[in-house]
Each structure stands twice: as structure tokens, then as C-alpha cells.
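Chain residues, written in single-letter form:
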Amino acid sequence: KAGVTQTPRYLIKTRGQQVTLSCSPISGHRSVSWYQQTPGQGLQFLFEYFSETQRNKGNFPGRFSGRQFSNSRSEMNVSTLELGDSALYLCASSLVGRGTDTQYFGPGTRLTVL
Amino acid sequence: DQQVKQNSPSLSVQEGRISILNCDYTNSMFDYFLWYKKYPAEGPTFLISISSIKDKNEDGRFTVFLNKSAKHLSLHIVPSQPGDSAVYFCAASWAGTYKYIFGTGTRLKVLA
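If you're matching them up, the sequences are chains A and B in order. Residues in the first sequence are numbered from 1 upward in steps of one, following the numbering used here. Residues in the second sequence are numbered from 1 upward in steps of one, following the numbering used here.
Just chain A, same shape as in the assembly:
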């Protein structure tokens, strides 16, 4: 069974631009979560989607948004990029997204903001 895929793997943008990242979950998984990883901060939860609905959101500004499509694929968007948005963005999928479901991660998208 194919794992979680994320595109693109690497991205370089400049301040003020916007970016869209894509995630395809494991087949049969309906929950997709997004995390931001920065040095020393671990993985910070961004949001979780299930059946095209956002069920949970972390403490990030409104510039960070996402959506999920009917095939469970998900995208996240960051508008008006800031230098501090440089990070590894990880997507994880699970069957239904309950707290006791194991999440499986993709390889991440490395975003660099100049």
C-alpha cells in the first residue's frame, strides 16, 4: 500500500507571496492532519480534516488555511509569507482521525522563505 505523499518536496518563496502544499493520504484513510516542524519546537499541529470538514485547528494565524477534497486529498495554503514560516510542513493520515488512531506521516515539504 502506498504511503502518504506530499508535493512539492522543496519550495523557495519570497516574503509576501503565497504557497499551496499538497498531500495524498494512504488509501482508505479519511483523516488528514498538518503539522509544522521548526528547530527546537517539535511538531506543531496546524489543522485536521475529515470528510472535507476541518474538525480541529491549532494556534496559527489565519494566513494558514487548508481544505480537503472528496477523495481525501488535502491542500494547505499559506498567504502573505513571512520569514518565520520557513519550516518543514508535514502531513499525516489516519483512518478516521480519532485520538487513538495511529497517524502515518509523509516525507514533508521543506519551505524556505527569503
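Hints listed in this document are in silico derivations from the structure and should not be mistaken for laboratory results. For every residue, glycine included, the Cβ atom is placed at its ideal position computed from N, Cα and C. Incorrect hints may appear among the rest.
Pulled from the structure, derived: some chain B residues nowhere near chain A, Cβ distances all over 10 Å [to be verified]:
hint, residue
1, Q14
2, I18
3, N22
4, D24
5, K71
Computed cross-link-like contacts, BS3-like style, restricted to lysine-lysine with a CA-CA straight-line distance of at most 30 Å [said to hold, decoys possible]:
hint, chain 1, residue 1, chain 2, residue 2
6, B, K56, B, K68
7, A, K57, B, K71
8, B, K37, A, K57
9, B, K5, B, K68
10, B, K37, B, K5
11, B, K37, B, K54
12, B, K54, B, K5
13, B, K5, A, K57
14, B, K68, B, K54
15, A, K13, B, K37
16, B, K68, A, K57
Take the given structure of chain A and dock chain B to it, following the hints.
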């Protein structure tokens, strides 16, 4: 407020010896705990999990121990191998939520 803490940023262990990675949490609602391993330029890989109804779970060389009264869990790797060198994250969750809370990670280096 860091609800899940990994107070040791790094750990070095000789090959063949035991590696013990620690994690503390503050939220009493957590009832499911996981450990992930992460290599550079890759996403975290699930290692092992434990439910709060248990105090130990074993999978090959990996054992996770949970001490609910102390709000502490640990991951034991026996014997440690050079390929185990990676960053290890603990994560916690509870049945009524849809997210994990992660610690900041411990970088394990296994010396040959």
C-alpha cells in the same frame, strides 16, 4: 504551555547497550501515547504506541513504559544499533480529540 516535554535534547549510547528516552506530560486527559523516529529529510516513522490502560508495550527491540501517576513515559531500545541514530518524538492524544501533541524531540546517537 508545553504539555509534552522531552527534556533531553540529545543522548549518546554505545552500540549494543540500552537507550532510554524519556517523555513527561502534564495533561491528565491524555490516554494514548506514541513514539516516532525521524531521520533527516524524511517524515516521522511510527515506532510504538501504548494506551493508558497498559503500563508496558513491547515490539521487538522497542519497549514503551507508562507511569500514569508520574505522568511519565519512556522508550527503551535494546540492544541499540547505529541505524537507530535519529530524532525520537513522543506524542500524546486522547480519545475525544483529533490531534496529537508532540514533544520537541531527543536526538539519539548510537556509537559503533
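Now the hints, each set against the structure:
1. No beta-carbon of chain A comes within 10 Å of the beta-carbon of Q14 of chain B; the shortest separation is about 27 Å.
2. Look at I18 of chain B: its CB is around 24 Å from the nearest CB on chain A, clear of 10 Å, so calling it non-interface holds up.
3. The claim that N22 of chain B is not at the interface with chain A holds, since no C-beta of that chain comes within 10 Å of its own (minimum 15 Å).
4. The non-interface label for D24 of chain B is consistent with chain A: the shortest C-beta to C-beta separation is roughly 14 Å, beyond 10 Å.
5. Once the 10 Å rule is applied to beta carbons, K71 of chain B is consistent with being away from chain A; the minimum gap is 17 Å.
6. About 11 Å separates the Cα atoms of K56 of chain B and K68 of chain B, which keeps this hinted pair within 30 Å; it holds.
7. For the given pair, K57 of chain A sits about 25 Å from K71 of chain B by alpha-carbon distance, which is consistent with the 30 Å threshold.
8. About 24 Å separates the Cα atoms of K37 of chain B and K57 of chain A, which keeps this hinted pair within 30 Å; it holds.
9. About 15 Å separates the Cα atoms of K5 of chain B and K68 of chain B, which keeps this hinted pair within 30 Å; it holds.
10. Using a Cα cut-off of 30 Å, the hinted pair K37 of chain B and K5 of chain B holds, with the two alpha carbons roughly 16 Å apart.
11. Restraint check for K37 of chain B and K54 of chain B: satisfied, since their Cα atoms lie roughly 22 Å apart, inside the 30 Å limit.
12. Under the criterion of a C-alpha separation no larger than 30 Å, the hint pairing K54 of chain B with K5 of chain B is consistent with the structure, at around 21 Å.
13. Of the supplied pair hints, the one linking K5 of chain B and K57 of chain A holds, its CA atoms being roughly 21 Å apart against a limit of 30 Å.
14. Proposed proximity of K68 of chain B and K54 of chain B is supported: the alpha carbons are some 10 Å apart, at most 30 Å.
15. Restraint check for K13 of chain A and K37 of chain B: satisfied, since their Cα atoms lie roughly 29 Å apart, inside the 30 Å limit.
16. The hinted pair formed by K68 of chain B and K57 of chain A meets the criterion: a straight-line CA distance of about 27 Å does not exceed 30 Å.
Hint violations for this structure: none, all hints satisfied.
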